[in-house]
Amino acid sequence: MMHLANKYSMFLSNLLNLVFSNTNINFKYEFLPITYYNESTFITDSFKLAQSGYSFILPALALGVTQRDLGNLKDLENDVMKLGEKLKPLQSAYTQSANSVGAPEKSSDEKSEKTIANEVSLDNQGGVNE
3 MMHLANKYSM FLSNLLNLVF SNTNINFKYE FLPITYYNES TFITDSFKLA
53 QSGYSFILPA LALGVTQRDL GNLKDLENDV MKLGEKLKPL QSAYTQSANS
103 VGAPEKSSDE KSEKTIANEV SLDNQGGVNE
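Going by my numbering, the sequence shown runs without a break in its numbering and finishes at 132.
Calculated directly from the structure, the hints in this document are not laboratory data.
Hints are supplied without guarantee of correctness; some may be wrong.
In silico BS3-like cross-links for lysine-lysine, where the CA-CA straight-line distance does not exceed 30 Å [said to hold, decoys possible]:
no. : residue 1 : residue 2
1   : LYS50     : LYS76
2   : LYS88     : LYS50
3   : LYS50     : LYS84
4   : LYS90     : LYS50
5   : LYS30     : LYS76
6   : LYS50     : LYS30
7   : LYS88     : LYS76
8   : LYS88     : LYS108
9   : LYS116    : LYS90
Distance windows between CB atoms, simulated [as the list claims (entries may be wrong)]:
no. : residue 1 : residue 2 : range
10  : ILE27     : LEU51     : 49 to 55 Å
11  : SER110    : LEU85     : 44 to 50 Å
12  : THR43     : GLU112    : 47 to 53 Å
13  : THR43     : GLY86     : 29 to 35 Å
14  : TYR56     : LYS84     : 23 to 29 Å
Beta carbons: idealized from backbone N, C-alpha and C, even for Gly.
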């Protein structure tokens, strides 16, 4: 089925370029490779790519949202409703900051003898003791 869609997209691209293109403008018409059978897989995979920094337009297009509607929705959320300040996205391992890692440091009287011995050993070996 995609073979036919690719031929049709090539035909439309050539037609658009024949009628409307010039030295500065070139058109490429393309069908997304989404079928009834791979729709959920394509959406899941493109959403994972968007989480890694790839285009977030692909999952939206796969869900049937147009580029114009997506732009208008983002403008409404960010500029008019200011949801970026009110709603924070869920944190993942990729989005969390590494400023404070691990458990908070205990005071000297709360540390066990073994912990103190390990810290002294680290100091003697030239290790970093934060």
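Next on the checklist: Would the hint linking LYS50 and LYS84 be met if the CA-CA limit is 30 Å?
Outcome noted: Holds. LYS50 to LYS84 sits at ~26 Å (cutoff 30 Å).
Next on the checklist: Tell me if the straight-line CA distance from LYS30 to LYS76 falls inside 30 Å.
Outcome noted: Given that 30 Å is the threshold and the Cα spacing comes to 26 Å, the pair holds.
Checklist entry - Could one say that the CB atoms of SER110 and LEU85 fall in the range 44 to 50 Å? => result At 46 Å between Cβs, range holds.
Checklist entry - Regarding the pair LYS116 and LYS90, is the alpha-carbon distance no greater than 30 Å? => result violated (41 Å)
Checklist entry - That 47 to 53 Å hint for THR43 and GLU112 (C-beta), does it hold up? => result At roughly 52 Å between Cβ atoms, GLU112 and THR43 fall inside 47 to 53 Å, so the hint holds.
Checklist entry - Holds or violated: are the alpha carbons of LYS88 and LYS50 at most 30 Å from each other? => result Holds - the C-alpha atoms of LYS50 and LYS88 are around 24 Å apart, at most 30 Å.
Checklist entry - Going straight from one Cα to the other, do LYS90 and LYS50 come out at no more than 30 Å? => result Between LYS90 and LYS50 the Cα gap is close to 19 Å, so the pair holds against 30 Å.
Next on the checklist: Can you tell me whether the CB distance of THR43 to GLY86 sits inside 29 to 35 Å?
Outcome noted: With a Cβ separation near 30 Å, THR43 and GLY86 satisfy 29 to 35 Å, so the hint holds.
Item to check | Hint check for LYS84 and TYR56 - Cβ pair distance inside 23 to 29 Å | outcome: Holds: the Cβ-Cβ distance is about 26 Å, inside 23 to 29 Å.
Checklist entry - Does the hinted range 49 to 55 Å hold for ILE27 and LEU51 at CB? => result For LEU51 against ILE27, whose Cβ atoms are near 28 Å apart, the range 49 to 55 Å is violated.
Checklist entry - Quick one, are LYS88 and LYS108 close enough, alpha carbons at most 30 Å? => result Measuring from Cα to Cα gives roughly 35 Å; hence the hint is violated.
Checklist entry - CA of LYS50 to CA of LYS30, is that 30 Å or under? => result holds (26 Å)
Hints 8, 9, 10, counting from the list given before, are not met by this structure.
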